[in-house]
Amino acid sequence: MSNSRKGGQKMKFYGYPRPDGKVGARNYVALIPSVGCVNALVSHIEHMVRGTKAISHDQGCLHPPADTEQVVRTLINLGKNPNVAAALVIGLGCEMAAADQVYEGIKESGKPVDMVVVHELGGMFETINKGARIAANMVFETSGIQREEFGLDKLVFGTKCGSSDTTSGLSSNLVTGEVCRIMTENGGTFIQGEICDIMGGEYALKQLCVDEEEGEKIVDAVRDLYERGMAVGADTRGSQMTAGNVAGGLTTLVEKALGANAKGGTVPIQGFLNYAEIPKGPSGRYIMAFPGHGFENLTGSAAGGAIVHLFTTGRGAPNGNPIMPAIKICGNAKTNVSMRDHIDVDVASVIEEIETIEEAGQRFYEYAISVANGKLTRAEILNFDSGMEILIKGPVM
Amino acid sequence: MTKYAKLIDEKDNVATAVADCVTGDELTVKSKGKETLCKCNHDIPFGHKIAIVDIKKGDKIMKYGEAIGSASQDIRKGDWVHTHNVKDDYKVLDKDGNPLPGQED
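Chains as they are written, first to last, in this note's numbering: chain A, 1 to 397; chain B, 398 to 502.
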């Protein structure tokens with residue numbers, strides 16, 4: 001047995017080394033608007049310069065301070081994501097999420113980073129002229145970076161479930177939980193969240209926390225979601241259980257939550273992360289306060305440092321993220337036919353008992369490693385990956 | 398054609414049908430290689446749950462090895478188990494274990 005394999009599983013991957021010691025699965029020049037007002041301009045640069053990825057979003061201004069802080073943190077940490085080789089920050093000049101703060105934050109990673117501000121340069125044409133040239137030079141300088149072999153201590157996966165159905169809790173989520181076990185036992189880091197889905201299963205997760213205080217933070221996040229729902233007259237326990245869930249056979253919120261939590265199996269939880277926060281502690285499984293909604297969710301995961309996202313689905317969710325490949329895994333045999341253009345990994349075999357969860361878990365793990373090594377996901381191939389949003393709490397002014 | 402239901406954890410007292418089932422169907426309940434039979438007392442759609450043992454009113458409904466609710470009436474082996482015979486006991490609790498306001502039974 002070679003040292004790169006353990007129990008038949010590949011325990012190495014090939015990624016792009018970064019100056020801060022992190023390792024990426026992709027090698028993009030990120031175009032990061034500090035405020036949604038400049039999205040059109042950012043889109044022009046993206047189309048002009050190959051190798052760039054626009055991280056367009058609609059936030060960055062007229063927030064309460066806590067949201068401004070969250071938007072800035074998110075943009076900095078997206079720039080720090082190891083899939084980003086270099087970053088160009090594009091500001092308008094009057095926004096709350098100041099471009100220079102984002103620029104300075106990303107600079108800490110040691111990566112090439114630059115900034116253009118529309119008000120200083122005098123409009124779209126001047127900003128594109130300067131910004132596109134900077135971006136082109138960044139691609140020129142970074143596109144030759146070679147992949148190297150690394151251990152799983154450099155590997156970070158995120159996960160979520162979307163457009164779920166009853167097969168999610170019977171197959172794809174359980175299989176993903178097995179991947180979580182394999183990769184964390186070998187030094188990897190795994191980020192899970194979706195506070196809405198945790199609701200009902202928060203105490204089960206708390207029991208898995210290595211530190212009780214961190215576990216209490218998970219419960220607090222659920223309380224916060226409930227209280228914020230009540231503030232607008234909604235019992236989030238009820239709105240979380242959709243009519244479709246009940247028609248599909250889910251009876252209680254706890255049942256739904258346990259099926260969703262299964263994406264991390266029974267792997268011990270190292271800590272709780274705020275939205276878009278990079279884990280600072282030991283490797284292993286983390287719970288991030290990201291929501292279920294796909295755009296804010298994937299953004300939070302990418303900002304947390306995930307280089308590949310394991311996206312379980314039942315009915316077929318097509319969306320990805322600009323800088324982080326999202327693998328779609330599905331256990332619904334019908335969806336695997338009807339949505340075949342969007343599904344990467346078919347685990348209907350688990351429901352039919354052709355394959356055990358352990359076998360499917362190993363297969364999915366090896367597939368995820370191949371995506372980390374460069375294999376494109378369906379969402380990437382289809383360019384179904386531009387959707388992006390940053391979680392805010394509001395109110396919007 | 399054989400119709401199956403999946404038992405996820407050995408502590409569970411319900412299994413999930415992975416075929417549309419009608420009253421009288423004999424389901425094969427699969428759990429990690431082990432198989433048992435259970436006859437449907439009701440129509441049970443794909444993804445819905447069937448009781449694999451008798452469950453008394455007030456007893457916990459177990460799935461994933463955890464309590465997902467409690468029986469709101471006596472449930473017989475083979476019965477369809479859903480919102481009509483299961484009570485959702487979940488409440489968001491404060492630090493002292495008391496329900497936060499707004500969660501009436």
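Simulated from the structure, these hints should not be mistaken for laboratory data. Every value quoted in this text rests on a predicted model; they were computed, and no experiment measured them. Built from N, CA and C at the ideal position, the CB exists for glycine as well. It cannot be assumed that every hint is accurate.
To be verified - Once the Cα atoms are required to be at most 27 Å apart in a straight line, the calculated DSSO-like pairs of lysine-lysine come out as:
id, chain 1, residue 1, chain 2, residue 2
1, A, Lys-206, A, Lys-10
2, A, Lys-206, B, Lys-488
3, A, Lys-206, B, Lys-427
4, B, Lys-436, A, Lys-334
5, A, Lys-217, B, Lys-488
6, B, Lys-436, A, Lys-217
7, B, Lys-400, B, Lys-427
8, B, Lys-457, B, Lys-431
9, B, Lys-403, A, Lys-10
10, A, Lys-393, B, Lys-492
11, B, Lys-484, A, Lys-334
12, B, Lys-429, B, Lys-492
13, B, Lys-431, B, Lys-400
14, B, Lys-457, A, Lys-334
15, A, Lys-206, B, Lys-436
16, B, Lys-408, A, Lys-334
17, B, Lys-474, B, Lys-492
18, B, Lys-429, B, Lys-488
19, B, Lys-488, B, Lys-453
20, A, Lys-206, B, Lys-400
21, B, Lys-457, B, Lys-488
22, A, Lys-206, B, Lys-474
23, A, Lys-334, B, Lys-400
24, B, Lys-429, B, Lys-400
25, A, Lys-393, B, Lys-400
26, B, Lys-454, B, Lys-474
Stated by the list, open to error - Label-pair distances were calculated between CB atoms; the ranges are:
id, chain 1, residue 1, chain 2, residue 2, range
27, A, Pro-268, B, Lys-436, 37 to 47 Å
28, B, Thr-480, A, Met-124, 30 to 40 Å
29, B, Gly-455, A, Gly-21, 28 to 38 Å
30, A, Glu-108, B, Pro-442, 45 to 55 Å
31, A, Ala-231, B, Lys-454, 19 to 29 Å
Unchecked claim - Covered stretches of chain A (chain B as the covering partner; in silico rule of three or more C-beta atoms under 8 Å from a C-beta of chain B):
id, region
32, 143 to 150
33, 225 to 232
So, going through the hints one by one against the coordinates:
1. A:Lys-206 - A:Lys-10: 31 Å, violated
2. A:Lys-206 - B:Lys-488: 16 Å, holds
3. A:Lys-206 - B:Lys-427: At roughly 30 Å apart (the allowed maximum being 27 Å), Lys-427 of chain B and Lys-206 of chain A break the hint.
4. B:Lys-436 - A:Lys-334: 26 Å, holds
5. A:Lys-217 - B:Lys-488: 17 Å, holds
6. B:Lys-436 - A:Lys-217: Not satisfied, since the Cα-Cα distance of roughly 45 Å exceeds 27 Å.
7. B:Lys-400 - B:Lys-427: 10 Å, holds
8. B:Lys-457 - B:Lys-431: With Cα atoms ~23 Å apart, Lys-457 of chain B and Lys-431 of chain B stay inside 27 Å; holds.
9. B:Lys-403 - A:Lys-10: 30 Å, violated
10. A:Lys-393 - B:Lys-492: With Cα atoms ~23 Å apart, Lys-393 of chain A and Lys-492 of chain B stay inside 27 Å; holds.
11. B:Lys-484 - A:Lys-334: Given pair Lys-484 of chain B, Lys-334 of chain A is violated - Cα atoms ~31 Å apart, limit 27 Å.
12. B:Lys-429 - B:Lys-492: 38 Å, violated
13. B:Lys-431 - B:Lys-400: OK: Lys-431 of chain B and Lys-400 of chain B at ~15 Å, within 27 Å.
14. B:Lys-457 - A:Lys-334: Given that 27 Å is the threshold and the Cα spacing comes to 33 Å, the pair is violated.
15. A:Lys-206 - B:Lys-436: Judged against 27 Å, a Cα distance of about 38 Å means the pair is violated.
16. B:Lys-408 - A:Lys-334: Violated, at about 30 Å.
17. B:Lys-474 - B:Lys-492: Given pair Lys-474 of chain B, Lys-492 of chain B is violated - Cα atoms ~38 Å apart, limit 27 Å.
18. B:Lys-429 - B:Lys-488: 33 Å, violated
19. B:Lys-488 - B:Lys-453: Distance of about 22 Å is within 27 Å: holds.
20. A:Lys-206 - B:Lys-400: 37 Å, violated
21. B:Lys-457 - B:Lys-488: Holds, at roughly 16 Å.
22. A:Lys-206 - B:Lys-474: 33 Å, violated
23. A:Lys-334 - B:Lys-400: 17 Å, holds
24. B:Lys-429 - B:Lys-400: Holds. Lys-429 of chain B to Lys-400 of chain B sits at ~16 Å (cutoff 27 Å).
25. A:Lys-393 - B:Lys-400: It is violated: about 47 Å lies between the C-alpha atoms, which goes past 27 Å.
26. B:Lys-454 - B:Lys-474: 13 Å, holds
27. A:Pro-268 - B:Lys-436: 37 to 47 Å: Because 41 Å falls inside the window, the suggested range holds.
28. B:Thr-480 - A:Met-124: 30 to 40 Å: With a Cβ separation near 56 Å, Thr-480 of chain B and Met-124 of chain A fall outside 30 to 40 Å, so the hint is violated.
29. B:Gly-455 - A:Gly-21: 28 to 38 Å: 56 Å, violated
30. A:Glu-108 - B:Pro-442: 45 to 55 Å: 54 Å, holds
31. A:Ala-231 - B:Lys-454: 19 to 29 Å: 37 Å, violated
32. 143 to 150: violated (count 0)
33. 225 to 232: The restraint on the region 225 to 232 of chain A holds, since 3 of its residues have a Cβ under 8 Å from chain B and three suffice.
Hints 1, 3, 6, 9, 11, 12, 14, 15, 16, 17, 18, 20, 22, 25, 28, 29, 31, 32 from the earlier list are contradicted by this structure; the remaining hints agree with it.
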